[in-house]
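The whole structure should be built from the sequences, with the hints applied where relevant.
Number of protein chains: 2
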Amino acid sequence: MTYSVKFLPYDVKVDVKENESLIRAAMEAGVHINASCGGGGVCGKCRVLLEEGSIEGGVSEQLSKEDKEKGYRLACLSEVTSDLKVRIPVESEIDTSRLNLQAGARHTAEVMYSNIDDLREDGLFIPPVEQIYLELDPASKDDNKADVARIISHLRFKHDEHRLSMQLNLIRKIPDIIRKGDFKVTATIVRPVRKDGKNEIVNLEPFDTSDRNFAIAVDIGTTTVFGQVLDLHTGDILAEHGEFNSQISYGEDVISRIIFAEKGDGLEILQKRILETINKILEKIIKKAKIGRDEVTTITLAGNSTMTQLLLRIDPKYIRRDPYVPACTVYPPFPASEIGIALADHTIALIYPGVSSYVGGDIIAGVMASGLYRSEELTLYMDIGTNAEIVIGHKDWMVCTAASAGPAFEGGGVKFGMRAAKGAIEDFAINPETLEPMIITVGNKKAKGICGSGLITLVAKLLETGVIDSRGKFDRSLETPRIRQTDEIWEYVLVYEKDTAIERDITITEPDIDNLIRAKGAMYSAALTLLEEIGLNIKDIERIILAGGFGSYVDLESAITIGLLPEIDPEKVTYLGNGSLLGCKINSLTNALRRDVAKVVNMMTNFELASTHSYMDHYMGSLFLPHTEMNYFPKVKERLERLRK
Amino acid sequence: MTYSVKFLPYDVKVDVKENESLIRAAMEAGVHINASCGGGGVCGKCRVLLEEGSIEGGVSEQLSKEDKEKGYRLACLSEVTSDLKVRIPVESEIDTSRLNLQAGARHTAEVMYSNIDDLREDGLFIPPVEQIYLELDPASKDDNKADVARIISHLRFKHDEHRLSMQLNLIRKIPDIIRKGDFKVTATIVRPVRKDGKNEIVNLEPFDTSDRNFAIAVDIGTTTVFGQVLDLHTGDILAEHGEFNSQISYGEDVISRIIFAEKGDGLEILQKRILETINKILEKIIKKAKIGRDEVTTITLAGNSTMTQLLLRIDPKYIRRDPYVPACTVYPPFPASEIGIALADHTIALIYPGVSSYVGGDIIAGVMASGLYRSEELTLYMDIGTNAEIVIGHKDWMVCTAASAGPAFEGGGVKFGMRAAKGAIEDFAINPETLEPMIITVGNKKAKGICGSGLITLVAKLLETGVIDSRGKFDRSLETPRIRQTDEIWEYVLVYEKDTAIERDITITEPDIDNLIRAKGAMYSAALTLLEEIGLNIKDIERIILAGGFGSYVDLESAITIGLLPEIDPEKVTYLGNGSLLGCKINSLTNALRRDVAKVVNMMTNFELASTHSYMDHYMGSLFLPHTEMNYFPKVKERLERLRK
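Chains as they are written, first to last, in my numbering: chain A, 153 to 797; chain B, 153 to 797.
The hints are simulated quantities; they were obtained by calculation from the structure and are not laboratory data.
Keep in mind that the hints are not guaranteed to be accurate.
Copies of the same chain look alike in the list, so a pair counts if it fits in one copy or across any two.
As the list claims (entries may be wrong) - Taking lysine to aspartate or glutamate pairs in the EDC-like style, the calculated list, with each CA pair at most 20 Å apart, reads:
#	residue 1	residue 2
1	Lys597	Asp446
2	Lys325	Glu420
3	Lys325	Asp289
4	Lys574	Glu709
5	Lys597	Glu404
6	Lys332	Glu221
This is the structure we're talking about:
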């Protein structure tokens, strides 16, 4: 259910979902309401007058009985439950004409889903591990072929299955299983990547168990690990859970993990830790999905190259040393229990192949999940994070690279930076006259800090209103107590102490802005360099796919304004979410994808920025908001000129 | 160097090798000389008169000075060193005309060798595991593909090697090995059986080690285990050693081993024991061959189905239960160390495939080694032993079966039975007039007992001279102290106590003969049944291949006389020796054979005698010497009639 909300005196309308808060509706509409505390009715500044329609909530101690009766409500506490007309009171309205020039609606990227039904329609819904029920002829004196031969010949003649093989540990169990099931058994078969490869029988169970076939998908992030249980008959996700990667105590980023792995039994310790995390997740999702551990036939895992090598106990030391060589990028399937994953001996682990030391299986998983490799349009795939990975291409070719963006996107290196948890400032507007802020936090709680997507919006809005310049420096001439110098560092006060949850003023500082500029500069210049290497221009990009934990919240216009994303119609930007996990899921459902992955990995050309001479020039040029070359951003240029006039 | 020996008064000539003993020359020529003690000059009965030429030795205390000067010598101590004329003295000569009718020369089967040069000429000398030296391009920023990808792409583009794969445990070692060898490495590659199968890289070593590639061949017999080290560049056997199978203490035959394996941790114990035996052999042959344990790239093992399953710790209980089903007959390659064979992790174990519970990998190895599967002639392959296996066929088809012959062929169930060790009576003739024996033992030592091949000759000669009848019963009417009844059992005294090494009379008894009749009856009737099942006749057999420990010593005419072998020209009989070991050796040298093995196993039809109704009839008919149906043995019939007239 959506309702229409009209904001007066600006005469701006916006459609919002039922129970959306009124302050978010205003932000959505590009209407400024002073709001200091982030929500929760603490500061009482976001008073609005309800002229038509009814709302839920909207009152607190900050609102006098009188005002309440007049129809005033606190926007941050008001939930939309009908069509509304709302007037922003004079006290919080400065210059209608000016404010109306503010950037309009927020555009977050549309979320992309993988469609199981498509797979089914295309006849591709054949998992890499299948189960087949066999009614074998019982052994007799006239037909006393070996048990294994009986299974293989039955599969050959009754099910047209060929090139079958079986390992010793299963052979050992076969005679008793066959007889327990009275020659009625279910075989579990791992499909090969190559069409003419071997079909390996990995398990045999008595009787018909072919209706119970489950897979697990795991994304191994440097920071967090997610797992899902999938039903291979329906394609449904039965359970899902995430945990912090318990390797974190040995270093926050891949480089510090590699350094730890190089010392003593560091490699063994890190493998043990990641296995602990994975096994903890398995424990929870298997229980939640109400399946048996031995009913899981595959586990697909994707991670960056370092995470993958640590999981497999392959020394990653050469990943961090010039010329940055991973041990392996395409891994063979193997029994998950072999490395210590708490699954049955017959559960096959499939590792997502990567391309290079810094473009790993997580990125390839995302490329597969997003369908980039089948796209006709020239697509820019960006996984935004401390390690920023970029893929550019379409169905005929792909190039990739990775850049170290630093931790700014994840709230690191920012004075009040934090993850996108409750209380994180995630949206922001600024009154160009009073320079008073409009602040929205995750969960509408008292502000605690600034998350990555919030930082991008903050910097964009400060830039648009001229509070900072293109170098990210505050305009020292502005007269407002919110801009100040503390310990020789210039900063803007977002929330004063009394309205925060942390008993300190929350500010955004010049070093914070500088960190963001360097992070976005690294990403943008990486894309620019990559394009240049293949003789294309940033304007040729027809489509952008964002992946990673943060892409769904980022305001696209803000991201373009600061020069993180190239200027593109926001509708051309799609958000994939956890592309790595999604890729693992699709891999679990269709073996056809594994064949495509092999092709994609082979066709993808990796560029090392460190060996690409123009990268440093591009990087230096990108250390401005949005860029020294304003021709890359004609609309931003036009808007900045308009807003600052 | 060979010499001609003429025996007078029979005027019989024979060519013998230098240093052959004179008594063996006489046996070879079919000339009877009384000889009681088996050799060693103990009984002094084998006196002969040297008329021309010179000999080495031939004297002992049993010969008076006078006789010596006259030119008498003891035949068992005389070595031929020139052309000779030798007269058998009157005292030991009865009836020249009669003796001259005795069966003539001994025919043992010609030994068959596998020819490495043939393989090389046919371009088939490509071992299942090869080593290739690679000079990789060093990694650089412009070419920093993964280490594994570097190896695989080098093999693809420089060596035309495709469908390559590698397992985790090797991937872990790759980065350091590559750099240790400064990008010069030697890859060890396991070839697939199917031409389009995967080529698995199982090892990588720094620098060029491709000139050191060795294989091990192991025959796992129920009683003895043999191992060989092979140089895969020359095809030479560098070392060889045999040990008793230390499982023997848990039962002499496969059935008692299976029974033991079924109890408690019996299976684990038996696996441990056979591994101990194999590892003991490896220790010796690797040391003797002066190679490194890690220079061995494959170990090929062949054994009967029970030995194979015990080695691989696969419960063999269904092998001994109707309908006699083995767990598996075609095994995947696996790392030898995986089951506890003391070789490097990269050494691949190849298990010879079998056909059924009682026609195992040892027989298939023999079929491959003998070239039966490429033969144009209808061939009967017999592995003679406690478990008698029979294969009949040629290049277009093959059938096989197994019969339990009992231990008689190996000296078991025979009162003075023993293995073919020193002192075992291995050849025998009987004077038809005096019924006195001519006895030759292994090593010309005082007699200790009777070995399998000796037993066959004994029974044949007793039959030919009418001492026993076609039921194997002694002619009670014959007047000689050598035929007597002890404890109600009739027997013939071969050697009297004083001339033996065991201080007892050595005799052959009616139960001994009965055991042999049942053993040969089982074999012959198995062949007859098998032929009948496929609509052929015993007379269609064009060629016989004997395998097993005992085939090289058996006198072919004796074997035909007792009805163990069908009547065939002795030149058509070939002795393969340890066919199982030979098959393993060839398998180590050429991968082409492995492809053929798969074909052979698939084309071979197994018959269970227990479910073949005619077998019991054939068996009953075979419990005579040579057979109730004398038309199967026209020449034997004719000879028996001639000798007994």
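Hints versus structure:
In the homo-oligomer, the alpha carbons of Lys597 and Asp446 never lie at most 20 Å apart, since the shortest distance is 44 Å inside one protomer and 66 Å across protomers. Within a single copy, Lys325 and Glu420 get their C-alpha atoms only as close as 32 Å, which misses the 20 Å cut-off; across copies the closest is 15 Å, which meets it. For a Cα distance limit of 20 Å, the shortest separation of Lys325 from Asp289 inside one copy, 19 Å, qualifies, whereas the shortest one across copies, 46 Å, does not. Taking the closest pair of Cα atoms, Lys574 and Glu709 never come within 20 Å of each other, the shortest separation being 24 Å inside a single copy and 99 Å across copies.
In this assembly of identical chains, the alpha carbons of Lys597 and Glu404 never lie at most 20 Å apart, being 28 Å within a copy and 82 Å across copies at closest. For the homomeric pair Lys332 and Glu221, neither the shortest alpha-carbon distance inside one copy (78 Å) nor that between copies (83 Å) is at most 20 Å.
Violated hints for the displayed structure, listed by number in ascending order: 1, 4, 5 and 6.
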